[in-house]
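> Chains U and D, in that order, give the protein sequences. Going by full-length UniProt numbering, the final residue of the first sequence carries number 510, and the count climbs one at a time with no gaps. Going by full-length UniProt numbering, the final residue of the second sequence carries number 354, and the count climbs one at a time with no gaps.
Quick caveat, the hints were computed from the structure, so don't treat them as lab data. For clarity, every value in this text was computed on a predicted model and none was experimentally measured. Careful, some of the hints might be misleading.
Listed next, the stretches of chain D that the computed footprint assigns to chain U, with coverage defined by at least 3 CB atoms under 8 Å from CB atoms of chain U [said to hold, decoys possible]: (1) 68-81; (2) 293-302; (3) 324-335; (4) 347-353.
Backbone N, C-alpha and C fix where the C-beta goes; we use that ideal spot for every residue, glycine too.
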Amino acid sequence: MMLLIGTNATEAHPIIGYKMRQAARRGAKMVVCDPRHIDLVDEADYWLRQKPGTDIPLLNGLMHIIIKEGLEDKKFIAERTENYEELKEIVASYTPERVAELTGVSADDLYAVARLYATTDKAMIFYTLGITEHICGTRNVMSIANLAMLTGHLGRPGTGVCPMRGQNNVQGACDMGALPNVYPGYQSVTVEANQEKFEKAWGGKIPAKVGLKIPEMFEAAHEGKVKSMYILGENPVLTDPDTNHIRAALSNLDFLVVQELFLTETAEYADVVLPAASFAECNGTFTNTERRVQRVRKAIEPIPGQANWETICQMVTRMGYPMNYESPREIWAEMASLTPSMKGINYGRLENESLQWPCPSTDHPGTPFLHAGKFTRGLGLFQPSEHIPPGEMPDEEYPFLLSTGRILYHYNVTTPYSKGISSIWDKEMAEVNPLDAEKLGLVTGSQVKVSSRRGEAITAVKVTDRVLPGVIWMSFHYTATPTNALTSHHLDPITGTGEYKVAAVKIEKI
Amino acid sequence: MEVNLVKLNINGKEVEAPQGSTILQAAELAGIEIPRLCYDPELSKMGSCRLCVVEVKGNRLLPASCVTPISPGMEVQTESPAVVEARKTILELLIANHPLDCLTCDKLGDCKLADYCYEYGVKESPYVGEKHNYAIDNSNPFIIRDLNKCILCGACVRACEEMTGQDNLSYLHRGFHRKATTAADVPYIESDCVFCGQCVAVCPTGALTEKTMAGKARRFNIDRVQTTCPFCGTGCNFDLAVKDGKVIGVLSNPEAPVNGRSLCVKGRFGWDFIYNEKRLTQPLIKKNGQFVEASWDEAFDLIALRFNEIKEKYGPDSFAALSSARCTNEENYLVQKFTRAYMGTNNVDHCART
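Model the full structure from these sequences, guided by the hints.
Below, the structure written as C-alpha cells:
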C-alpha cells in the first residue's frame with residue numbers, strides 16, 4: 001500500500017510516479033492526500049482532498065481512529081518508541097468530526113484510510129514538498145513519522161517513510177556537509193571530536209558554532225553583517241520565496257561571486273561571474289533520493305574550458321589555500337576517508353554498481369532501507385503537534401490562496417534553457433477553478449495580474465478543476481512570471497524552509 | 001522461495017529452466033538467442049510477430065517461443081530448416097510493406113528488422129502489393145514518427161500503457177490499415193502524449209526515432225557515455241549519445257539501476273540546455289555596472305583579493321557560501337571545505353531548504 005501526501009510524483013518525480021501507477025494497476029492500494037487533483041488521483045483507491053495547510057489535523061485524525069479502534073502496533077510502540085502517552089493525549093481531541101471540519105475530508109474516508117493503512121502489512125508513506133514547504137513543515141514530517149511508528153510500518157522492506165528529495169543531488173549536497181551545522185556525513189560541527197578531526201585533515205581553524213542558513217544569510221546581508229558571498233549553481237532570485245527581499249540582500253553585498261551556466265537573475269548581482277560546466281562536462285557523483293550514489297561521467301569537453309571542481313580548486317588556491325586534486329575520484333576518496341557512513345564507497349566500486357549509504361566498509365553491500373531493528377537515536381520519539389495554521393491566509397484584500405509547485409515539463413529554472421522543451425512549454429499557466437474563473441470573467445489563456453503583500457506577477461491562466469475554488473496554483477519556472485515575488489515570507493522556524501504552499505493573493509484580469 | 005527446474009532439450013543440448021518459463025526464456029538462459037521483434041522482456045507478451053517460431057517435436061505447427069511454456073522432456077529446434085524458412089517468409093512479408101530506405105534511415109545499426117534480414121539473407125520481398133503512404137508525424141521537437149516503418153509489433157502501445165501508464169497509444173482499423181497510433185489518430189503534439197519517449201526506446205525499427213539525432217549519426221558511430229540525470233532526485237541513468245565530441249541525444253540504458261529504459265521528457269529531451277547559446281564561456285567582471293569578459297587569471301586575482309580583504313576587515317562570518325543541490329558531491333565537498341577550513345566559518349548552505 002502506498003500513502004502519498006503532498007507529493008505529485010508523476011510530474012515532480014516522473015519515473016517514481018510511473019512505477020507507483022504500475023503498482024496501483026497491479027493491485028497495490030493507493031491513497032492520495034492532496035488538495036489538487038493530481039494525475040495519481042485517477043489511480044487511487046482513496047483521495048483525501050485536504051484544504052491546503054491542514055496536514056497535521058489530517059494525520060492526527062488518522063492516528064485518532066487507529067488508537068480508538070485498537071489498530072496500533074502495541075509491540076512496536078513498547079519496544080521501539082517513547083513518548084507515546086503524549087501522542088495519545090494530543091490526538092485524542094482530533095475526532096473524525098473535528099478533523100472533517102478542519103480539513104474538508106469526510107469522516108467516512110478518514111475511517112477507511114486509517115483502517116487500511118493500519119492493517120496493511122507492507123504500507124509505505126511518500127511525501128515531498130507539499131509537506132515540507134509550510135510554516136509547520138518539520139511538524140508535518142514529525143506527524144508522518146508518528147503515524148508510521150504508531151503502526152510499526154518502519155524498518156522492513158516495503159514499509160517506511162520516504163521523503164522524495166527534489167533536486168538531482170539535494171541528498172548528496174546534504175551528505176557532503178553543504179549545511180551550516182554538519183560536516184560530511186552529518187557529523188555535527190558543535191562536537192569537539194569532529195572539529196578536531198576536520199581541522200587536522202584540512203588544516204585551518206574551524207569554529208564550533210553553527211553557521212547561517214540561507215534565509216539567515218540573506219537577512220544578515222540585509223543587515224550588513226554578511227559582506228561577501230560565493231554562490232555555486234543556484235538562482236535564489238527566481239527560486240527562493242519573497243524575491244524582492246532576496247534582491248535587496250544581494251544588492252547590499254560588498255562582493256559577490258557566482259559560478260553559473262548562464263547569466264541568471266542572481267548572477268546579474270555578481271561582481272565576478274565564473275562560467276560553469278554542465279553535468280555532461282564533468283566527472284563526479286550524484287546521490288539520489290534513495291541515498292544511492294551513482295557516477296556522473298564526462299561525455300564532452302567542458303564548454304568554458306574547465307570542469308567546476310577545477311575552477312573551485314584554482315580559485316581557492318589563488319586565495320591562499322592550496323587545493324591540489326588530480327581528479328574527482330581523489331576528492332571523493334578524501335571525503336570518504338573522513339566520513340564513516342561513506343567509507344565503503346569508492347569510484348572503483350561505482351564503475352559497475354550503485355551503492356546506497358550507509359556503507360561503512362568496502363565489502364558492505366550498502367543499505368537499501370534504514371531503521372531496521374533500531375533508530376539512529378535509539379528509541380523512536382513521538383513528537384505530536386497541534387494544528388498550526390499557515391502564516392498567511394486569504395482575507396478580504398487578498399482573497400485567493402496561492403499554492404506553488406513544479407510541472408512535468410520543467411525542472412526548476414534550468415529547462416527553460418532547453419529549446420525543445422521551451423518551444424512548447426514557454427509560459428506560466430496558472431490554474432484557476434472554473435467557479436472563480438466565471439466570477440472573474442476568465443477563460444483559459446486570459447492574462448491576469450496576481451499580487452500579494454510582497455510583489456506581483458503577470459500570468460496566463462488555465463481554467464481547471466484540478467484546484468479547489470478559492471485557490472490559484474502556479475509553477476516557478478519562468479523568468480517572465482516570477483511566482484516567488486508573491487510567495488510568503490513565513491518560514492518553518494526549524495529548517496528555515498519557506499511556506500511556498502500557502503500565501504494570500506488577489507487576481508485581477510488585465 | 002524454491003523454484004522448480006524443468007529439464008528440456010534445445011538444439012540437442014540438455015538445458016534447465018525454471019518452471020513457467022517460455023521456450024524463448026529457457027533458450028536465453030542456455031545462451032541460445034532466438035530472433036524476436038514483438039517480444040520485450042519488460043513488456044507483456046504479445047506473440048504477434050511470429051519471428052520467434054521454433055520447431056517442437058510432436059507439434060506439427062511452429063509455435064511462437066515467446067508465449068509457449070516449457071514442459072519436461074520437450075525437444076526444441078530453434079534453427080531447423082522449417083523454422084528458417086518460416087522466418088524468411090515472415091521477414092519477406094514484413095518488408096513487402098516497408099520502405100527499404102535503409103541507406104538513409106537513422107535506425108540502421110540498431111534496427112532489428114534490418115539485422116534479421118541480414119541474418120537470414122532477405123534482400124527483397126517476392127510479395128508485391130500496396131504500400132502505406134502515411135504522412136510523417138513531425139509535429140513536435142522530440143520524436144519523429146514514421147508509421148510507414150511500423151511493423152505493428154505493438155511495443156510502443158505496451159510501453160505507453162505498461163511503463164508510463166499514459167495509455168495514449170492503441171490500435172486503429174483492421175487488416176492492412178491497422179495502425180498503432182494515438183486516439184483519433186492525431187499527431188503526438190495534439191494527443192495526451194507526455195513525451196517520455198518510452199515508445200522510442202522500445203521501437204525495433206525506424207518508425208519512432210529521436211528528432212535531435214536525425215541525420216547526425218548512425219548508432220554504430222555514436223559513443224555512449226552512461227551518466228546520471230541532472231534534473232530531479234529520482235536518479236535515473238541514461239547514455240549520452242556523443243558524436244565528434246558533441247552530445248546529440250540521450251539513449252535509454254537497460255542497465256540503469258533505478259529506471260531501466262524509462263525516462264521522462266526532461267531526462268530524455270531536456271539535455272539540449274547544454275548547447276544554449278546563452279551559456280557562459282568566459283569569466284565576467286563587473287566594471288561600472290557592466291559585465292566585461294575577463295581571463296581566468298584576472299577573475300581569480302580579483303576574487304582572491306576581495307574575499308581576503310573582506311575577511312580580514314570584517315572577520316570570517318562576514319562570508320557566506322551557497323553550494324548547490326544541482327552540482328556533484330565532489331563540488332559540494334570542495335565548497336564546504338574551503339568555507340570552513342579557509343574562510344573559517346560554517347556559513348555554508350544550499351537549496352535543500354528553499
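> Against each hint, give a clear statement of whether it holds in the structure.
Evaluation of the provided hints:
1. 68-81: With 0 residues closer than 8 Å to chain U, the region 68-81 of chain D misses the three-residue bar; violated.
2. 293-302: holds (count 6)
3. 324-335: holds (count 12)
4. 347-353: holds (count 7)
Going down the numbered hints, you'll see the structure goes against just number 1.
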